Each structure stands twice: as structure tokens, then as C-alpha cells.
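S.K.: The chain contents come next:
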Amino acid sequence: MDKNQDNILDEFTRGEYKHGFVSNVETETIGKGLSEEVVRLISRKKGEPEWLLEFRLSAYRHWLTMKTPTWAKLEIPPIDYQEIIYYAAPKKAENRSWDEVDPELKATFDKLGIPLDEQKMLSGVAVDAVMDSVSVKTTFKETLAERGIIFSSFSEAVKDHPDLIKRYLGTVVPYADNYFAALNSAVFSDGSFVYIPRGVRCPMELSTYFRINAAKTGQFERTLIVADEESYVSYLEGCTAPRRDENQLHAAIVEIIVERDAEVKYSTVQNWYPGDKEGKGGIYNFVTKRGICRGERARLIWTQVETGSAITWKYPGTILKGDHSVSEFYSVAVTNHHQQADTGTKMIHIGNNTRSRIVSKGISAGKSSNTYRGLVKVAKKCRDARNYSQCDSLLLGDRCGAHTFPRVEVANPSARVEHEATTSKIGEDQLFYCNQRGISTEDAVGLIIKGYAGDVISKMPMEFAVEAQKLLQISLEGSVG
Amino acid sequence: MSTEQINSDLSAIFREARKPLRVNSNELLDRHREEAFLHFIASGIPEKTEEYAHADLLPAFDRDYHLMLRPPRLKVNPDALFTCNVPGLDTRVRFTVNGWTARVDEPLELPGGVVICSLPTAAERYPGLLELHYNHHAGKRDTLASLNTAFAQDGIFINVPDGVNMDKPLQIVNLMQGNNNNVMSFQRNLAIIGKGATATILACDHTLSDNAFLSNSVTEIALSENASLDYYQVQNQHVEASRINAIFVTQERASRLDANTITLYGGFTRNNLIVALAGEGSECNLHGMYLSDKKQRVDNFTSIEHAAPGCRSNELFKGVLDDSAVADFTGRVIVRPGARKTEAYQANHNLLLSDEARVNTRPQLIIDADDVKCSHGATVGQLDDEAMFYLRSRGISEAEARLMMMFGFAHEIVGRIRLEPLREQIDNLVDKRLRGELTKCYNCVRHCKKTS
Amino acid sequence: MNKLLEIRDLHAVVDGKEILKGINLDVNAGETHAIMGPNGAGKSTLSAVLAGRENFIVTRGEVWFKGKNLLEMPAENRAREGLFLSFQYPVEIPGVSTVNFLKTAINEHRKYSGKPPYPPGEFLKMIREKMEWVGIDSKLLNRSLNEGFSGGEKKKNEIFQMAVLEPVLAILDETDSGLDIDALRVVANGVNRLKGPGNAVIVITHYQRLLDHVVPDVVHVLHDGRVVKTAGKELAIELEKKGYDWIKQQSPGEN
Numbered sequence: 001m002d003k004n005q006d007n008i009l010d011e012f013t014r015g016e017y018k019h020g021f022v023s024n025v026e027t028e029t030i031g032k033g034l035s036e037e038v039v040r041l042i043s044r045k046k047g048e049p050e051w052l053l054e055f056r057l058s059a060y061r062h063w064l065t066m067k068t069p070t071w072a073k074l075e076i077p078p079i080d081y082q083e084i085i086y087y088a089a090p091k092k093a094e095n096r097s098w099d100e101v102d103p104e105l106k107a108t109f110d111k112l113g114i115p116l117d118e119q120k121m122l123s124g125v126a127v128d129a130v131m132d133s134v135s136v137k138t139t140f141k142e143t144l145a146e147r148g149i150i151f152s153s154f155s156e157a158v159k160d161h162p163d164l165i166k167r168y169l170g171t172v173v174p175y176a177d178n179y180f181a182a183l184n185s186a187v188f189s190d191g192s193f194v195y196i197p198r199g200v201r202c203p204m205e206l207s208t209y210f211r212i213n214a215a216k217t218g219q220f221e222r223t224l225i226v227a228d229e230e231s232y233v234s235y236l237e238g239c240t241a242p243r244r245d246e247n248q249l250h251a252a253i254v255e256i257i258v259e260r261d262a263e264v265k266y267s268t269v270q271n272w273y274p275g276d277k278e279g280k281g282g283i284y285n286f287v288t289k290r291g292i293c294r295g296e297r298a299r300l301i302w303t304q305v306e307t308g309s310a311i312t313w314k315y316p317g318t319i320l321k322g323d324h325s326v327s328e329f330y331s332v333a334v335t336n337h338h339q340q341a342d343t344g345t346k347m348i349h350i351g352n353n354t355r356s357r358i359v360s361k362g363i364s365a366g367k368s369s370n371t372y373r374g375l376v377k378v379a380k381k382c383r384d385a386r387n388y389s390q391c392d393s394l395l396l397g398d399r400c401g402a403h404t405f406p407r408v409e410v411a412n413p414s415a416r417v418e419h420e421a422t423t424s425k426i427g428e429d430q431l432f433y434c435n436q437r438g439i440s441t442e443d444a445v446g447l448i449i450k451g452y453a454g455d456v457i458s459k460m461p462m463e464f465a466v467e468a469q470k471l472l473q474i475s476l477e478g479s480v481g
Numbered sequence: 001m002s003t004e005q006i007n008s009d010l011s012a013i014f015r016e017a018r019k020p021l022r023v024n025s026n027e028l029l030d031r032h033r034e035e036a037f038l039h040f041i042a043s044g045i046p047e048k049t050e051e052y053a054h055a056d057l058l059p060a061f062d063r064d065y066h067l068m069l070r071p072p073r074l075k076v077n078p079d080a081l082f083t084c085n086v087p088g089l090d091t092r093v094r095f096t097v098n099g100w101t102a103r104v105d106e107p108l109e110l111p112g113g114v115v116i117c118s119l120p121t122a123a124e125r126y127p128g129l130l131e132l133h134y135n136h137h138a139g140k141r142d143t144l145a146s147l148n149t150a151f152a153q154d155g156i157f158i159n160v161p162d163g164v165n166m167d168k169p170l171q172i173v174n175l176m177q178g179n180n181n182n183v184m185s186f187q188r189n190l191a192i193i194g195k196g197a198t199a200t201i202l203a204c205d206h207t208l209s210d211n212a213f214l215s216n217s218v219t220e221i222a223l224s225e226n227a228s229l230d231y232y233q234v235q236n237q238h239v240e241a242s243r244i245n246a247i248f249v250t251q252e253r254a255s256r257l258d259a260n261t262i263t264l265y266g267g268f269t270r271n272n273l274i275v276a277l278a279g280e281g282s283e284c285n286l287h288g289m290y291l292s293d294k295k296q297r298v299d300n301f302t303s304i305e306h307a308a309p310g311c312r313s314n315e316l317f318k319g320v321l322d323d324s325a326v327a328d329f330t331g332r333v334i335v336r337p338g339a340r341k342t343e344a345y346q347a348n349h350n351l352l353l354s355d356e357a358r359v360n361t362r363p364q365l366i367i368d369a370d371d372v373k374c375s376h377g378a379t380v381g382q383l384d385d386e387a388m389f390y391l392r393s394r395g396i397s398e399a400e401a402r403l404m405m406m407f408g409f410a411h412e413i414v415g416r417i418r419l420e421p422l423r424e425q426i427d428n429l430v431d432k433r434l435r436g437e438l439t440k441c442y443n444c445v446r447h448c449k450k451t452s
Numbered sequence: 001m002n003k004l005l006e007i008r009d010l011h012a013v014v015d016g017k018e019i020l021k022g023i024n025l026d027v028n029a030g031e032t033h034a035i036m037g038p039n040g041a042g043k044s045t046l047s048a049v050l051a052g053r054e055n056f057i058v059t060r061g062e063v064w065f066k067g068k069n070l071l072e073m074p075a076e077n078r079a080r081e082g083l084f085l086s087f088q089y090p091v092e093i094p095g096v097s098t099v100n101f102l103k104t105a106i107n108e109h110r111k112y113s114g115k116p117p118y119p120p121g122e123f124l125k126m127i128r129e130k131m132e133w134v135g136i137d138s139k140l141l142n143r144s145l146n147e148g149f150s151g152g153e154k155k156k157n158e159i160f161q162m163a164v165l166e167p168v169l170a171i172l173d174e175t176d177s178g179l180d181i182d183a184l185r186v187v188a189n190g191v192n193r194l195k196g197p198g199n200a201v202i203v204i205t206h207y208q209r210l211l212d213h214v215v216p217d218v219v220h221v222l223h224d225g226r227v228v229k230t231a232g233k234e235l236a237i238e239l240e241k242k243g244y245d246w247i248k249q250q251s252p253g254e255n
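Chains as they are written, first to last, in my numbering: chain R, 1 to 481; chain Y, 1 to 452; chain C, 1 to 255.
It should be emphasised that the hints constitute simulated quantities derived from the structure, not laboratory data.
Please read all numbers here as calculations on a predicted model, not as lab measurements.
Glycine included, C-beta positions come from ideal geometry on N, C-alpha and C.
Treat the hints loosely; a few may be bogus.
Lysine-lysine pairs mimicking DSS-like chemistry, simulated, CA-CA at most 27 Å apart [claimed, not checked]: (1) R:LYS380 x Y:LYS294; (2) R:LYS91 x R:LYS159; (3) R:LYS450 x Y:LYS341; (4) R:LYS450 x Y:LYS373.
Here are the simulated distance ranges between beta carbons [said to hold, decoys possible]: (5) C:GLU132 x Y:ARG103: 53 to 63 Å; (6) C:PRO119 x Y:ASN165: 35 to 45 Å; (7) R:GLY427 x C:PRO120: 43 to 53 Å; (8) C:GLU132 x Y:PRO59: 51 to 61 Å; (9) C:LYS66 x Y:ARG435: 31 to 41 Å; (10) R:GLN430 x Y:ASP384: 25 to 35 Å; (11) C:LYS68 x Y:LYS432: 33 to 43 Å; (12) R:LYS67 x Y:MET1: 25 to 35 Å; (13) C:ASN55 x R:GLN390: 21 to 31 Å.
I would like the entire structure built from these sequences, with the hints used as guidance.
M.R.: Below is the structure:
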């Protein structure tokens, strides 16, 4: 790479994390460390029913028997689970009227560009704002309730709709699924619950905004989305955290149930604090997200733009159980500086005539490591399944790594599965072509990356596509791209 | 029997075999045994490891085998019993029986100073070369290869001096024969191709009796600067045979390797093709084809490491699976930091013909350099409908059209064989195989018995 | 007159959409027909239905070829009866050499009509002869079928196959599109050499230019799944001048 390009790369990668401020919110925390007593305490604080406590305890006991997974291409420093605070709640947040909420808290979300005041909000978007372990505010609840849509914090849903929670919790991601899922199931704090009744098209985008604020805490939220027959919802989650020197753990679970003829669009803009340029601090983002297309012709579309976190370990996947069900996965994952990401998707074809499509774009810069890991599985009895996967990696600089580990397992002859992957850097000829047309190398790099990620960005809900685009630019500023 | 039990049995066998192994071997081979066995036993027979993710090795090992620690006193002359005859193919033929090299009447040194002999003979006559190369390329890269290093006593050695073009291809015919015993073997081959030298090696695997076999062989290949090697392996064993076949190649600057692995028949076949592109501008082309039916299992594991700048690798493996055959493919491409201007292309395509057949494919790219062009692709599917219609619209019946397309599918690999008589022979075998006729190698009387 | 092809009220559906909405067409031995029409009129669908493509579903009507019910035959038997389709997009088949493909095809034809396989020597002689008059490179013979062929080579290969198989009825589906003038001449020569009192040709095309070389006896204009006009060769010239909008205006109520 010539010097000019080096400089541009350097400049591009010098981008700063824009959401790294700390809010001075009065916070109630419990002591650090994890034990059966802590699990009981969390449950008690949330006033949970007995069966939920039992669920937590079973998960906790199972977790004790498990080991941290080591198969990912990640260097995860040992995590001392006794040093983490498992519950932190901003005071003056929960169960208060909007006027009583700490102004600092309101200001925090304002600053993040998420005004929680309904008058100020984007009209087409309802937001559940979660800070640390609790939901601060859910907007447009009443409007949605008129159509029978339930959109509330997880804790409220446990109180208001215990039957629904009991029916679906842990059905897509059982607590024994993996190490971090077990941990989450034991100590999960808050999150969002969405229920779209039969035949209802949710009239606005639903969105949850997760914010870690308190120091030394872990965030363990839980999202449960149920789309009943013939319903539709588009849901988006966003995440940020302050700039801190220590690493913080985020271990979430998302479960999505899509019934017959229903459709769920699940979008993520993940921008947890990635650590500084030297790799100090940042969030460990170890998440389990999974959906099931339960009924015929159910559709689940995942779209994600991942720019944050020091370490990311996540594989949103779909179980295609209903005949003719469809799932798509679109992802842009950017790693810069010392970030590490091991991410991808799983498509499990069980129903006949099921279709899946995977488009994954990795961009690696700095000294980062970016891994795509995927599984496409066609079960023995599954007739006429189709999958197409495309995983591309773009390398910016010669100190980063891009790795691709797809896995295709086919046990039925009627399946057609295609996987394609490429890894390359931005072509000299592409840059030259742009230069020749009067475009600076820096702009050209920006342009090329925009085009590269375009397939995925265009799948985001319009309200967030612009945001996602900006985020890409910022996280690669100084990096190429 | 459990894997633990088999591991401990192997330990016992190794302890007992220590002395006899030395009697019939050479110090140059012996010096690696203990460490290699320790490496093997540290993890034992691989189970669900990253490298052996789908391989079920237990059935292959869970059997009583006879291990020949001394050269077999075979009364039969292998030439008389069996020739892997490819009409029109002029080669220097060497036989091994259960991993032991058979004597030949040719002189040790051939035109151009080429040496082909048994490994122990090479250890005696050319200790310097063995010091440099023996177990240098395999090292501790694979536990089953280490098991081979622990037990290996014999195999084929070939050295092509600098600048020499070998006059004829070397054909290694590996025979397994049990005389009523199941046999386990640990053949060890070493090929050294000098600077600017060229060679062609063809290795064929056959089974001569109905017994069960487990052959765990290792071939180490050193390609010096500008050296060029065409390496063919044709595997045609019966369904009671388990074949673990590891090839370790180190390529120096501007060398070229074309390796073609054709698996026509076998019970369980695991090929490990491990290539290190260590010198700038080197090139390797790995091609493979497997046609499996019944309950056959074929597991191809390839790893190409781009450790130097400007290297190229090309990889294409294709398979046709019928009945309840299972195929696994792992294609790993590693690009080390600093390996600029790397080009690596890889593809694995599979046709599934029956409800019970299965395919697991894992193309992997591990890239730590930026100036690279890498791609991989994998497909699993059936014959293309468009093409089927095109053929039928020309009056070709559906059955014939299917055969033609399968043949064409396989021919993409077979067509790359540069030895014309061999290519024709393999084409012929593939055609027969696809038409459901028995796979018969010329003059082979016995090994097809178990194929039905 | 010797009727080769009779199409009666042919309706066909592709992916649930009706494309052919009642085609009627007669082709006699010794005739050359041209089918013209705007994009999406159903021209290629008609050729695919005649050749026996399975995902094109005939919902109504009948087709008789040499007095036999064409629609009852599988694709390969239609070919063996002498129906040849020159594909608009010839399919690439890796690993299958052109010569092996042709040998298989011609021997299947022979088997169908009770003849023994072509003696190998004669087969090659015949192939060489046909290559010469189509004017294609003998190197193509050993290459995989259509793989890596240029657009022109693919179309020439279609004509070469037609020459080898000597069909009773040849349907050329936009064989002229994308051809330079030399290749166009090759195609035209091939077609003209095939023409005789016992067989017939249907040329499907957008443009007049191929028809300068292969002169049609009858020109049909297809629009919205129906034959909306049938006339002599002068119709093609008129179309070239006035464009298809003229036809669209003449058949109101359809689009």
C-alpha cells in the first residue's frame, strides 16, 4: 500500500466513539459477585413469581456446570464473574410518572438522539429505553395497545402478561443452550417484550434502546418477540455505552417466535463502546439471538450493522420449521483498532420448501480480527430447501485479519445450497478509476465502502438506514472504510 | 469399544512394539518415535475436533488388526498377482504390501541420479537427506500422522536431484493383503524433488483380500526452488478398508504442485492434504473427486498455508453421493501476515443422488494479510434443470442425460490429469462406476467382491 | 398440402401467469415462417412449450406435429421426431464435450427410428463436413459444451447441431440477437441449406435483418399471447418501418 493510502487509512481509523459520555444518574446497585443468593435477590427486587425464580435458579445451577466456549476465533481474557455487578437501576426511573423521572436520565437519551418525550419523537417509532438493568420508559404504549399490541419492558410484561411470558420464555433459546445463555437466564434484568396479535400489522417501528451507564456492571437483557398468525412487526435495537477503561460484559438473549403467515423484521444497530485505540476497555458482547418460523410461510428477516464492542460473539439464527417459511440475514460487521468479532448466522431448515438467504459483509481495519462463522443445515426430512449465502470480507490495512468459517450440512438430496465468499482489499484499479474521474482517494474509499455495505444498509428500516450509514463512516473514520 | 480403551490399547501395543520396531528399522526413524507417540496419546484418536469435525474414526479403529512388525515373507510375487495396468502408461512401478516395500530388480540409482528405494535403505545410504526431511514436514501437525511416525518402518523413498526431469512417472502400487487376518499398516513415504527438477508420481491403493484393513500412511514431500511435481492418487479399495492418508508438502520458491486425489471406492477414506507455500511465488493446485455410494464415507481435509508473498493456490473438489454415502470436505486456506499478493481460490461441489446420502462441507478462509484475493464456494444440489432440458431437447433420454451430466461433473477433475493413458483409464472407470457397473481395475481378481 | 405443425387455441401458464392466450398456427412442409412481436408477447414461451419445457404448463388447446399429439411426448421424443429448438440462451454444460454430446444425441435419434448407432468413422466424417459448412472451428468439438463460448460461437454451435440432427421442423428462437454480420450470414446459410420440400423452419425474431437472408413465406405477429396478424414477407418490412406500437394500436384493449 502506498504512503498516501496509509495516511488516509490512518486518518480514517482515528474516528472517535461519539457515545462515550457518562451520565450522572443516581444508581442503585447490589454488591458485586454471583451466587444463588444474588439470583434470588434480583428476582425479589423485580417482584417475580415463583416459577420465574425457579427458571433462574435452574439456569444458574446449570451454568455452574458449564465452561466458557473456546471454539471462536477470539482471544477472550479470563472473566472474573465475581467482580461483576449483576443489578444496577437508575433511581427515579422505574414505576414513576414521566415527570418524576430524573432529568439527567432524560438528558442522557436526548443526547443519544433518542428523545423519550412523545412529542419530540419520530412519529413512526415507539421506543423502549433500557438503562443498565431497568426499562426507563416505553413510548406509545397506549397507542399500540389500542390494536392489542403489547410493547413493554420485560419486567412489566412478567407482571401484566405472565401467561404469555411463561408460554414462550426459553422456548427458542433454552437456558442450557450455551454458557452465556445460561448466565443470562439466571440473572437477566430487563429488556423488551413484544406481542403482535393475530392479523395485526404493527403501525410503527418498535425499537429498544439499550444503554449501559453504571460502572463495573454487566448488562443481561432479554428480548422476547411473538408475532401471532398473519401479523407483522418491524423491530430495531440500538446499543451504546460510556467510554471506560475496564471491560464490561453484555450477555443478552433474544427470542423471536413467528407464527403462520407472520413476518418479523429484526434490525440491530450495535454500537457498544469498542474500547480505545490501544484496545483498552470496551464491551464484551456475547449474545444469543434466535428465532423460529413456527408456522407455514412465516418470515424472519435479520438485519444488523455491527460497529461496536471490544469482542463480539453472536450468531443470530433461524429455525425454519414451518413449510414455505423464509429467513434472511443481512449483516455488516466492522472491526477497527483492537476489536474482535466472531459473528455470523445459523439457518436450520426443517420444514419443506424453506428458503434462506445470507448476505454478510465484514470490514476489518486496524489490528482487528473479524470472523464470519455460519451454519446452514438441511434436515433429513426437509424437502426442497434452498439457501444462498454470500460472505464477503474487505481488508483495510495489513495488520487486521478476516476469517470465514461457514459450514454446510445437507442430509436431503432435494436441497440446493450455495455458498460464496470472497476476501479482498479495495482494488488499486478501483481507486485509480475514481481518481481519474477527479475523486480523492479518501472519498473514493468512502464511496467504495458505502457501495460495499449498501446491500445490507438498504434492508434497514428507512428511519435507521441513515443512522447506520453514518455509524459506518464514523467507526471507520481514519481506517478506510 | 470406547475411544479411551482403544487409546490405551494402542499405548500397550506401542510399548510392546518398541523393541521389534527397532530391530527392523533405522535410528533416524527411531529417534522420532517416542515424542510422536506422546503427541498422539496426548489427545488420542480425534473425536469431534476442529480438524476431524465429522469424522467418526471409532469404527475404523475398533477392530482386531494384525500389525506386521517384520517385513512379510510373502511367497507371491506381487507382479504376478496384480499389476495396476493402465494401457499405454509407461511408469517405473514399485509395490508395497501392507506398507512394506517389495524388492525390485532395478538399480538403486536411475538415469539422472534419481533414487527410488525403500525408506530404511534410504536411511542407510542417504542419512543426510533423512536428517533434513524425515518428519520435518509432518512434524506434529496431526495426531494420526504422529501415530504413523511412532510405528513407521518402511515405505517408498524418492529423490530427484537438482535440475533433473524424471524420465518416467513413478507409480506406487499400495496393496493390502490379509491372508485371513485383518491388517493395520503404517506406511511412510518421502519424496524430495530438487531445485528445478520435475517429477510425476502416481499412487494407487488396492485391496487384495476380503479382510478388513486400516492403513494409516504419511507421505512427506519437499519441493525445492522451481521444482515441479504432478502427484496423483487413485484410491480403489473395498468397503471393509479404512484409509487414513496424509500428505504433507513444503514448497520452496517458485515451485509448483498439482495434486489430484481420486477416490473411487473404499469403506472409510480420510485424506489430509497439508500444503505449506513457504517460498515466494509458489503455486499449488489441489483437485479431488469422490464417487461414493453404499455406506462409504469420504472425508477430505485440505489445508493450504500461504506463508510467503505472491503464491497462488487453486482448489477444486467435486463429489457424487448415492445411497447412504457420506462426504465431508474441509478446505482451509491460511494467509499469514506478510503474504502479500496472495491468490487463493477454492471450491467444493456436490451432487446428492439419494435420500440417504449426506454432505458436510466447510470451506474456511483465515486471512491475516491485506493484499489478497481469496474466494471460496461450496454447493450442494442436484443436476441443473436447464441443462437437463437442453440435452433432452436434442433427443437424449433423461437417464442418458443424467449420466452425461454426472460424467461431465466428474470430468472437470479427471480432465486435469496430464497423463493421457491414466486420464482415459479413470474416465473409463468413472463411466462404469456411474453406470453402476463394478469398478474393476485390470487383472484384479478379488477386491471387487465386497462392492455389491 | 403436407401439414407439419398445427397449433389450436394454445394457452399456457408460467409461474401462475397466463402467457399464451389462444395461439392458432399452421406450418406446412417446405415453408418458412417468421414470428415477430414486441418483448413479452409470448414468442419464447411458444418455442419452449413446443419443445416440451416442463415448467410451462399448457392449460388449453392442442398441438399436432406430423399428425402426432406433440403435447403428449416428453421433450426428448419431440426432438427425436424431428423438432429442433435453437435456444435463445444455449446452456453451458461443463465437463461434457461437444463431440460426445452430439454422438450421444444422434445415436439416440437413430435408436428411436430403429437404426444402429453411427459407425464411429462415418460419424466423424459427417461431423467434419457439417462443421465446414457451418464454418465453426474444429477445436470447439473437444471443448465442454458451450462453456466459455462467445455469444456468436454459442449461436453457431446451435446451427451446427441443427445441421447434424437434420430436423423436420427447426425453431430458431432469436438466434440472430447479438450476432455480428458475419455470424448472421453463417446462421442464415445454415438455415437455408436445411430447407427442403420435406421440412420447415420457424424463425422467431425482433428484427427484419435475419429475414433479409432467410426469406419467410409467412410472417405472424404475436402480441399479448395471440397471433394478431398474419401476412406475407412484406409484413416484416412494414413492421420494421412502423414499429410495434402500430400493432399494439391495432389490437385495442390489450396490453
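S.K.: Hint by hint, where does the structure go against what was stated? Just the numbers, ascending.
M.R.: none
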